[in-house]
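S.K.: Make a model of the complete structure from these sequences and hints.
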Amino acid sequence: MTGARLFPGRSGPWLIAALFFGLTLIGLIVPMIVGVLWSLVDPRAGWFPPNLVPPSLSLDNWRAMFSVPEMGEAAVASFTIAPIVTALCATLALPTGYALGRRPVPFRRAIEFLVLAPIIMPGIVIATGLGSMFIRFGLAHTLVGVILVQTVVVLPFMIRIVTATFEAVPQDLIDAARNLGAGPLSLAWRVLIPLVVPGLFAGGVFTFIGSMEEFVLTFIVGSPHVRTLPVLLFAYLGGRSQIFTYAAVVMIVLLVPTIVLLFTAERALKQEYLAAGLGKM
Amino acid sequence: MLPGPVPAVDRLRLAGLRRRDQWVNLLLLLPGVGFLGLFLVVPLAQVFLRSVGLALIGQASHLTWDYYRQFWVEAQYRDGFFFSLWLGVASTVISLVTALMFSALMQVRFPGRLFVSVLYKVPLVVPSLVAAFLILSLVAPGGILARLVAHWGWEWPHLVYDRWGWGIIFVLVWHNVPFMMVIISAVMAGIPQDINDAARNLGASPWQVFRFVTVPLSMPGVSAAALLVFIQVFGAFAVPSLMESAYPLALPVIMQTEMMDRANWALASALGSVLTLASAIVLFAYYRLVQGRGSPAR
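If you're matching them up, the sequences are chains A and B in order.
Note that our numbering numbers the first sequence so that position 87 is 90, with each residue one more than the last.
Note that our numbering numbers the second sequence so that position 232 is 355, with each residue one more than the last.
Worth flagging that the hints you see were computed from the coordinates, not collected in a lab.
One or more of the hints may lead you astray.
Claimed, not checked - With beta-carbon atoms standing in for the labels, derived distance ranges:
hint	chain 1	residue 1	chain 2	residue 2	range
1	A	Pro52	B	Gly157	51 to 57 Å
2	A	Glu73	B	Gln182	30 to 36 Å
3	B	Val338	A	Arg105	56 to 62 Å
4	B	Asn148	A	Leu28	51 to 57 Å
5	A	Phe110	B	Gln182	35 to 41 Å
C-beta atoms are modelled at their ideal positions from N, C-alpha and C, and glycine is treated no differently.
M.R.: As structure tokens, this is what we get:
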């Protein structure tokens, strides 16, 4: 293998392992532990330098999740908005993905560019346009407005993944179904949709995580009335007074579902979905 | 196979079918493309119109270049532009070099490779705000590393809230290296082993194989990843907003202040147009470069 050829001797692989494990430890595991510790700091004792671990631990900050209204509201908002955005994206992307994946559509290049645009454009520029537009429509600072702006930035991932899935459906299956007398509706319902369910699922994971984590547009269009978890995290980390303890709680509430989702879905997320979602410019 | 002359009746039917086809296309494309048209193209068009003083809310509108002039004349906006540009270039270069080396090392079989290959993808789903929190609790003054070295009586350097934004760059590199590694590793895994073997047989050192074989052959994936990272960092708001010093402010941070604190949508739109234009120039240069290079390796 490459390893044996590139790094003669036995120590090479072990050195690489040590490098990667060291980096993961310092860059990922230690910060995560520190984050969890921050969420468990006893507010009466605090955690000040030079202490390496908090002097005493408590669950007070976790109780704040229920006693501080803004935290509970942000969690509810995040977990309400994400499923709605995902469902909306699936509904919008299914027909469009079919057309792009299986039909000779006119202006294909232009449409593909339009679908790519929200992925490469800076979110703040889209927020500038949508922010003022939604103020005029009365959608600013509303739940509907936030759902719409989040859909703009996550829909492209769904469309790209669904398109790639439709492209991969073998024409033979469709021809066979037609020969056996399937009409357009039963063809769609019995053959096409079951075949694209894996793609829809992968796209759903992308959009759900994307919606949970979207910040700039939600912040500019939604605040101060609609606050999701990332918006609250920003408030706790920035501004004049940093509240690290609450920030740590919000961070864990935000992070655990997305990481669990990623690892449970990893088997279903084939490399080609990842490629359709991210690369291939 | 050339089709024969089509009878008149059939031709009419074919035209009818084609027209029906176009309607079906339109109907199928409408949900996705229509949504993006309404909520992306229209607002972006408004951004441009507003940047030249048209279509403003609650103000008389007349065509003017004043907002662009303001951007170029006032130092805070110009410096913001160059600060964002610096963040983009520095983060991209550092991420790229790191990701190239790590991806090459990941091709090697080492103990615990599977474990690392799962763990390194975690930052992909970590929002940049969480990344900022994790890094702040690690390297900020009073962070865990500062406390650790203080035990030995050392001074921890100022890595966040500094003039050059090293803290910001650090967070963005942490966030983007795994993203680049996913793309670059996929390309590197596709390079045939024979090519590496041939280079080694001809006397190349491992470094030379990396520098003159692996990296050039990974270029397609590398350039796309680098471009995407650059444009994202150039337009990044959250991390610079949390970790920058008082001056200069990154351009997206200035835009947010103009929008939300001063309701100066016209100036924010002009700054946004500048940001978009600069990104578009980089994108265009990338496509020219990719086309100009052709396919020397194949």
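S.K.: Against each hint, give a clear statement of whether it holds in the structure.
M.R.: Tested hints:
A hinted range of 51 to 57 Å for the beta carbons of Pro52(A) and Gly157(B) is consistent with their spacing of about 56 Å. Range check, Glu73(A) to Gln182(B): Cβ separation about 34 Å, and the 30 to 36 Å hint holds. Taking 56 to 62 Å as the suggested C-beta distance range, the pair Val338(B) and Arg105(A) does not conform, at roughly 38 Å. Against the hinted window of 51 to 57 Å, the Cβ-Cβ separation of Asn148(B) and Leu28(A) comes to about 54 Å, which satisfies the hint.
The hint said 35 to 41 Å for the Cβ distance between Phe110(A) and Gln182(B), and at roughly 36 Å that hint holds.
In the structure shown, a violation is registered for the earlier hint numbered 3 alone.
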